[in-house]
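Protein chains in written order, with this note's numbering: chain A, 152 to 430; chain B, 49 to 368.
Keep in mind that the hints were calculated from the coordinates and are not lab data. Each residue gets a CB set at the ideal place from its N, CA and C atoms; glycine is no exception. Among the hints, erroneous ones may be present.
[Stated by the list, open to error] Examples of chain A residues lying across from chain B (beta carbon under 10 angstroms, computed): (1) 177; (2) 225; (3) 360.
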Amino acid sequence: MNKGKKIVVNVLKYVLLVFAAFVALVPIVSCVITAFKNVEEYQTTNVMVLPKSWLYFDNFITAWKQADLGSAFLHRFLILICVLVGSVLISAMLAYVLNRFQFTGNTLIRNLFMVATLIPGIASQVTVYQIMDSLGLVNSFHGYIILMLGTDVITIYIFLQFFENLPVTLDESAIIDGCSYFGAFFRILFPLLKPAIVTSAILKGVSTYNEYYMAGLYLQDKTRLNVVSTSLYVFTGPMGSQYNYICAGVLITIIPALIIFLLCQDQIYSGMAAGAVKG
Amino acid sequence: MNKPQGTLDKPKLTFAQKCKTMRGQQIICTIVFLFVPLLLLFTFTYLPFFKMVQFSFYNRDYLRVRSFVGLRNYIDVFTRSDCFQALKLSLYYMVGSVFQISLALLFATILSFKVRGSRFFRGALYFPRLICGIAVGFIFKFFLNPGFVLDTLLGWIGIANTPNWLENQAINNIVLVCCSLWKYIGQNIVLFIGGIASVDPVLYEAADLDGANAWQRFKSIIIPSIRTIVVLNLILSISGALSVFEMPYVVTNGTFGTSTYFVVMNKLAHTDMKVGLASAMAVVLLVIIVLVTVIQKLVEKWLDYRENWPHDYGTKEASK
Numbered sequence: 152m153n154k155g156k157k158i159v160v161n162v163l164k165y166v167l168l169v170f171a172a173f174v175a176l177v178p179i180v181s182c183v184i185t186a187f188k189n190v191e192e193y194q195t196t197n198v199m200v201l202p203k204s205w206l207y208f209d210n211f212i213t214a215w216k217q218a219d220l221g222s223a224f225l226h227r228f229l230i231l232i233c234v235l236v237g238s239v240l241i242s243a244m245l246a247y248v249l250n251r252f253q254f255t256g257n258t259l260i261r262n263l264f265m266v267a268t269l270i271p272g273i274a275s276q277v278t279v280y281q282i283m284d285s286l287g288l289v290n291s292f293h294g295y296i297i298l299m300l301g302t303d304v305i306t307i308y309i310f311l312q313f314f315e316n317l318p319v320t321l322d323e324s325a326i327i328d329g330c331s332y333f334g335a336f337f338r339i340l341f342p343l344l345k346p347a348i349v350t351s352a353i354l355k356g357v358s359t360y361n362e363y364y365m366a367g368l369y370l371q372d373k374t375r376l377n378v379v380s381t382s383l384y385v386f387t388g389p390m391g392s393q394y395n396y397i398c399a400g401v402l403i404t405i406i407p408a409l410i411i412f413l414l415c416q417d418q419i420y421s422g423m424a425a426g427a428v429k430g
Numbered sequence: 049m050n051k052p053q054g055t056l057d058k059p060k061l062t063f064a065q066k067c068k069t070m071r072g073q074q075i076i077c078t079i080v081f082l083f084v085p086l087l088l089l090f091t092f093t094y095l096p097f098f099k100m101v102q103f104s105f106y107n108r109d110y111l112r113v114r115s116f117v118g119l120r121n122y123i124d125v126f127t128r129s130d131c132f133q134a135l136k137l138s139l140y141y142m143v144g145s146v147f148q149i150s151l152a153l154l155f156a157t158i159l160s161f162k163v164r165g166s167r168f169f170r171g172a173l174y175f176p177r178l179i180c181g182i183a184v185g186f187i188f189k190f191f192l193n194p195g196f197v198l199d200t201l202l203g204w205i206g207i208a209n210t211p212n213w214l215e216n217q218a219i220n221n222i223v224l225v226c227c228s229l230w231k232y233i234g235q236n237i238v239l240f241i242g243g244i245a246s247v248d249p250v251l252y253e254a255a256d257l258d259g260a261n262a263w264q265r266f267k268s269i270i271i272p273s274i275r276t277i278v279v280l281n282l283i284l285s286i287s288g289a290l291s292v293f294e295m296p297y298v299v300t301n302g303t304f305g306t307s308t309y310f311v312v313m314n315k316l317a318h319t320d321m322k323v324g325l326a327s328a329m330a331v332v333l334l335v336i337i338v339l340v341t342v343i344q345k346l347v348e349k350w351l352d353y354r355e356n357w358p359h360d361y362g363t364k365e366a367s368k
């Protein structure tokens with residue numbers, strides 16, 4: 152290949168990448184710009200004009216108070232802990248039984264979980280709402296947590312895949328040494344599952360943190376049961392055009408996801424690929 | 049299962065003793081470990097599904113059944129203008145996903161080979177996927193507001209007189225497709241990068257030795273090796289396009305003719321309390337999704353068969 156053509160291809164490559172990154176980031180960056188403007192600046196300058204000071208945090212404070220983000224973060228954090236502990240335990244136990252024991256119905260159960268992924272969550276909420284209502288679980292955190300536990304298939308696949316690569320001799324030798332099946336699972340295998348636990352906890356954690364549809368449906372009492380994602384709804388009413396506050400609020404809610412992303416990029420990519428293969 | 053053969057001459061075990069045998073322990077462990085996940089699966093997936101099918105034959109809201117209406121709801125799904133309009137909208141999203149997959153393929157190819165800052169570019173393209181839907185809604189309402197970010201950017205390159213992006217019905221659905229592309233393309237890119245990474249590097253070396261250029265390399269090595277994943281993604285995007293919900297829900301809330309099928313269904317179910325009709329809509333979509341999935345599985349088998357037949361004869365069995 153001649154040299155000139157190679158340079159052109161190379162330049163074109165970077166032009167494309169820079170343009171794509173620009174498109175991906177500009178909506179977020181424009182929010183950052185506006186979030187640092189005071190009311191007068193916001194009203195008089197163009198949205199893309201940089202703010203006078205990058206240390207003007209009043210919008211963030213106002214947004215935090217307006218959306219009651221303190222309690223929203225606390226609630227979301229508590230929900231997150233319960234959902235993560237629950238879903239990791241449930242999925243690991245399920246994957247253990249499905250992978251290690253041969254019994255009639257093993258394939259059936261696998262298929263039941265597989266078919267469940269076909270039903271879009273939003274479609275089934277039409278009737279799930281009625282079931283939740285009859286169980287008295289609407290408008291309560293525990294109802295929401297139970298629901299978040301029940302709609303979880305990717306985590307199960309991550310654990311199933313992981314168990315396939317854990318040698319059976321591990322639990323066999325533990326059982327020969329006098330361990331029960333429960334003991335073998337909790338004392339020998341569970342600690343070895345750490346990588347799968349980390350991956351699934353990150354994926355499940357991000358999706359739980361961002362979940363807004365079911366939160367809107369089942370946590371309707373916004374003052375008592377607010378969570379981070381839906382707390383932003385405050386800004387739809389009379390504050391609908393005060394974007395200096397809205398952008399600040401949006402950025403506050405993005406920051407935790409950004410931190411997790413910067414710390415755990417690789418686990419997110421590999422976990423997502425693992426989930427996508429089967430799910 | 050509970051009475052193994054050949055135990056007749058052994059002393060009869062009490063229930064407690066049976067539980068202590070290995071087999072008994074295994075059964076107890078299975079039951080205990082499966083109970084919660086299966087209960088959740090049944091209560092929140094299969095029970096709602098059966099109820100949905102049942103509800104779809106009734107005129108009802110959440111609390112009361114009004115009357116049995118037979119297939120009336122299903123006829124309504126195909127004759128009501130809002131439902132039908134929504135089905136037409138999914139064409140936008142289908143075309144959009146073809147664009148999305150092609151673009152993702154392009155960027156995955158670029159990022160798979162030596163590029164400075166590839167980690168940054170991949171991260172930048174993937175990160176929108178991790179932003180909460182409601183926040184994305186606000187970001188785009190702000191971004192597309194007349195005279196705000198997008199209009200300013202276009203003004204810089206000399207384009208004035210822009211339409212109202214979210215209210216002009218000629219383009220607002222295309223704009224929403226772009227928003228959805230913004231959020232989800234990173235996921236395709238990461239998946240395709242994974243596919244390309246699994247190609248045997250010897251192939252690239254051989255191609256380099258033969259003097260293949262980037263396009264030939266793309267056409268003859270990358271495309272064939274990730275064809276399966278691309279085709280499957282394309283087929284999946286059919287059911288994906290029909291079940292689009294997020295962008296029209298959070299950005300426009302279905303106003304100005306942007307209500308997709310699920311936005312209409314959501315409104316019918318939770319605002320208008322027409323649970324029977326909404327259930328029928330859900331059942332119709334589920335039938336389509338099942339059909340698409342069956343087709344997908346068949347294509348997957350066919351591609352597998354075609355790829356492995358000529359050169360891998362017999363090795364597939366061995367690797368299993």
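Okay, the hints, checked on the actual structure:
1. A cut of 10 angstroms between beta carbons decides the hint on residue 177 of chain A: the least distance to chain B is about 7 angstroms, and the hint holds.
2. About 17 angstroms separates the beta-carbon of residue 225 of chain A from the nearest beta-carbon of chain B, more than 10 angstroms, and the hint is not met.
3. The interface hint given for residue 360 of chain A is met, as the beta carbon of that residue sits about 7 angstroms from the closest beta carbon of chain B, less than 10 angstroms.
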